[in-house]
Amino acid sequence: LVALLVVAAPALGTHLIELGTNSLPATSQARHAQSVLDAHFGLGTATVDVVAPEGPATTSAHSLARVVEGVPGVKSVTMSPLGSQTLVVANVIGDSDGPEALRVVDEVRALRLSHPVLVGGEAAFQLDHQRALGERLPLALLLLGGATMILIGLLTRSLALALLAPLLAA
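Just remember that the numbering used here sits 266 ahead of the position in the sequence shown, which is counted from 1.
Keep in mind that the hints were calculated from the coordinates and are not lab data.
Yeah, the Cβ is synthetic: ideal placement off N, Cα and C, and Gly gets one too.
There may be inaccurate statements among the hints.
Pair by pair, the computed Cβ-Cβ distance ranges are [what the hints assert, rightly or not]: (1) Ile416 to Ala292: 12 to 20 Å; (2) Val317 to Thr422: 52 to 60 Å; (3) Gly419 to Thr293: 19 to 27 Å; (4) Ala323 to Ala277: 47 to 55 Å; (5) Leu410 to Val272: 20 to 28 Å; (6) Gly412 to Val273: 17 to 25 Å.
I would like the entire structure built from these sequences, with the hints used as guidance.
Written out as structure tokens, the structure is:
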């Protein structure tokens with residue numbers, strides 16, 4: 267049992283990410299090609315989209331743009347109309363799934379503003395996806411372990427094997 271727990275210990279450091287070229291080995295041609303494109307064409311800039319409920323001509327929208335531009339890690343900000351709302355796009359150096367972009371999303375969401383804003387873009391999607399998977403992972407593991415115990419118990423008619431089955435599967 268102790269040996270199984272030691273072998274399973276690295277699972278505690280699981281980091282959930284979307285698949286992309288960064289998931290490939292450093293020697294991969296696709297990863298190398300992407301890094302060449304990033305270097306020559308200025309890619310590698312993530313965007314964080316902030317939607318404000320006011321039009322772009324209001325002082326509130328301009329104030330929001332200045333506040334977002336002041337968030338550490340934001341390189342520049344652009345504003346554009348989005349119907350009766352305003353889209354503020356914050357450009358962040360790095361990949362959309364990189365730590366800098368994810369931190370900017372968290373900081374923009376944590377801003378205390380006079381009006382609610384929506385924060386989106388690839389980095390926000392990545393962060394929300396990680397959190398959603400993390401929130402549901404314990405339930406999924408519990409259901410998987412329970413189903414394994416029930417099925418092994420019914421198959422072998424042994425309580426000891428049924429209780430050990432989830433540990434052996436890990």
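Check: Taking 12 to 20 Å as the hint, is the beta-carbon distance of Ile416 and Ala292 inside that range?
Finding: Violated: the Cβ-Cβ distance is about 44 Å, outside 12 to 20 Å.
Notebook entry, point to check: Do the Cβ positions of Val317 and Thr422 conform to the proposed distance bound of 52 to 60 Å?
Noted result: Given a distance of about 56 Å, which is inside 52 to 60 Å, the answer is holds.
Notebook entry, point to check: At the C-beta level, are Leu410 and Val272 separated by a distance inside 20 to 28 Å?
Noted result: holds (21 Å)
Check: Is the gap between the beta carbons of Gly419 and Thr293 within 19 to 27 Å?
Finding: Between Gly419 and Thr293, where Cβ atoms are some 46 Å apart, the hint is violated.
Notebook entry, point to check: Do the beta carbons of Ala323 and Ala277 sit within 47 to 55 Å of each other?
Noted result: holds (52 Å)
Next item on the list: Please test the hint of 17 to 25 Å on the beta carbon pair from Gly412 and Val273.
Entry: With a Cβ separation near 22 Å, Gly412 and Val273 satisfy 17 to 25 Å, so the hint holds.
Violated hints, listed in ascending order, are 1, 3; each of the other numbered hints is respected by the structure.
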